[in-house]
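Visitor: Chains S and D are the protein sequences, given in the same order.
Going by the working numbering, 1532 is the number at position 151 of the first sequence; the sequence numbering is gapless.
Going by the working numbering, 210 is the number at position 151 of the second sequence; the sequence numbering is gapless.
What the hints contain is simulated information worked out from the structure, not anything from laboratory work.
Yeah, the Cβ is synthetic: ideal placement off N, Cα and C, and Gly gets one too.
Warning: the hint list may mix true and false statements.
[To be verified] Simulated coverage check for chain S against chain D, where a stretch passes if three residues somewhere in it have a Cβ under 8 Å from a Cβ of chain D:
#1 1546–1560
#2 1564–1570
[To be verified] Here are some chain D residues pointing at chain S (derived, C-beta under 8 Å):
#3 Gln-62
#4 Gln-64
#5 Leu-162
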Amino acid sequence: MQEFMQQMINGLSLGAIYALIALGYTMVYGIIMLINFAHGDIMMVGAYVGFFSIAVLGSNIIAALLFAMLSCAALGVIIEKIAYKPLRNSTRIAALITAIGVSLLLEYVTIFFLTPDQRVFPESAFPLHNYEIAGLVISNKDIFIFVLAILLMLILQYIIKKTRTGKAMRAVSQDPEAAILMGISVDKIISVTFAIGSALAAAAGVMIGLYYNTINPLMGIIPGLKAFVAAVLGGIGIIPGAMVGGFLMGILETMVSGYGSSLYRDAVAFGVLILILLIKPTGLFGKNTGEKV
Amino acid sequence: MLQLQEIDVYYGAIHALKKLSLEVEEGSIVTLIGANGAGKTTTLKSISGLLRPKNGTVIFKGVDISRVAPEKIVGMGISQVPEGRRVFTAMSVLENLEMGAYLRKDKKEIASDMENVFTRFPRLKERRKQMAGTLSGGEQQMLAIGRALMARPELMLMDEPSMGLAPLLVKEIFEIIKDINARGTTILLVEQNAHMALSIADRAYVIETGEIVLAGKAEDLMNSEDVKKAYLGG
């Protein structure tokens, strides 16, 4: 039981990170039906911006987070305008292939300029401290990641449920043409969606830097894919689904590592994708929506 | 108020509207009737900017809007009640109405317009927290009309508001259209239910395969033998 609870705690912070990345996948899919495979790499760029603002500019972790989020919000908007917008009326497969191209571009441009080497996230940014509560080890990093991720998700929920822009985002995702007839600029809403999704990914990138201590230009691939599985698990396009899916994937991964072998954790993650596609392709939160005549 | 001047609209290679002209006078109800696929919805979409005419102009209050972005046209005073209602099914009734007022900033006026919509449609008030997808077809149509009213349009484009509704409801909807017009909104109404449409309209146009084949006062068209045969069931 002790062991189980310990793995649970480890899983919650990893799951919070996956959930943040999965939200970006699901939001973008909800608006333009595109699996943005460059999303994990945007997270990587966020980790690097966070790294440099701590290591070079000497900023504290909060400033580094904000800086990474703002930079990636801008990056996400630019990528959409340059790479995806011209393809808005083409086939979905064309956009998907472009997304893979953008993903590779981000990875190898980063390698070109910053070398493929690992970088160690500065310890000074967040000195590790472990607390022992009832025999369980909880680090200040785990708490920080978990609390921050929950806070960001609450802010996101507020934006989507209560603000004018958030309501417009939902309207566009349900019926873009009807949304235009309300005077909503779909282009603007798509930009906002990319900005928010990318900012959340950037926050996740900085958190991964804290969590694993190292970053590298290809670090976005596996967490990006797992977050994609999380989004599909919850039901792609459904925001609460991405949150739940992210936590489930994080917990599953630490359980597999803890009780089985960490060698299997990636296989299990992608096994989940296969299973969900076989059993319930619409995801845990997805329903088959019937049209009312 | 609105003039379409010889507009040509294409869907790919298909010539959907052929030199179509029509005029809507301020304060009137004008109806465009015709069979399925004749080009009624295409005409409305060409006005609201969702489709672009290849040739010809769309003049609204003296301004050519044929190249204006559709979301800007809403702000100029044209709202559309789209075919099949197209309410946001996973949003509440209240949120749907808020979306109708998306471009407006006058919070107090929006609140009072919302009250007016609720007075007009008490059933929407009862269900204001409910998801629009859970409403009946008639209620959804009322919501679609209420949503369009929230933009305070000068011209309202209505695409088959009677479609799929029970006869009693159809009557109610047409009463509502008359009332909206009486309060100062100009209406361009597209209908397959020619009899109902002609009975409330001032002027009417008949469209066949993308061309206007008849135009005139609604009452004259109602008595025309051609119209009777083709659209009024003898």
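Visitor: If a hint holds in the structure, say so; if it does not, say that too.
Guide: Here is how each hint holds up against the structure:
For a cut-off of 8 Å, the count of residues in the segment 1546–1560 of chain S with a CB near a CB of chain D stands at 9, and the three-residue condition holds. Beta-carbon proximity to chain D at under 8 Å applies to 4 residues in the segment 1564–1570 of chain S; the threshold of 3 is reached and the given coverage holds. Interface hint at Gln-62 (chain D): violated, since its Cβ lies 21 Å from the closest Cβ of chain S, which is beyond the 8 Å cut-off. Hint on Gln-64 (chain D) is violated. Least Cβ distance to chain S is approximately 23 Å, over the 8 Å limit.
Restraint check, Leu-162 (chain D) versus chain S: the minimum CB separation of about 4 Å is within 8 Å; hint holds.
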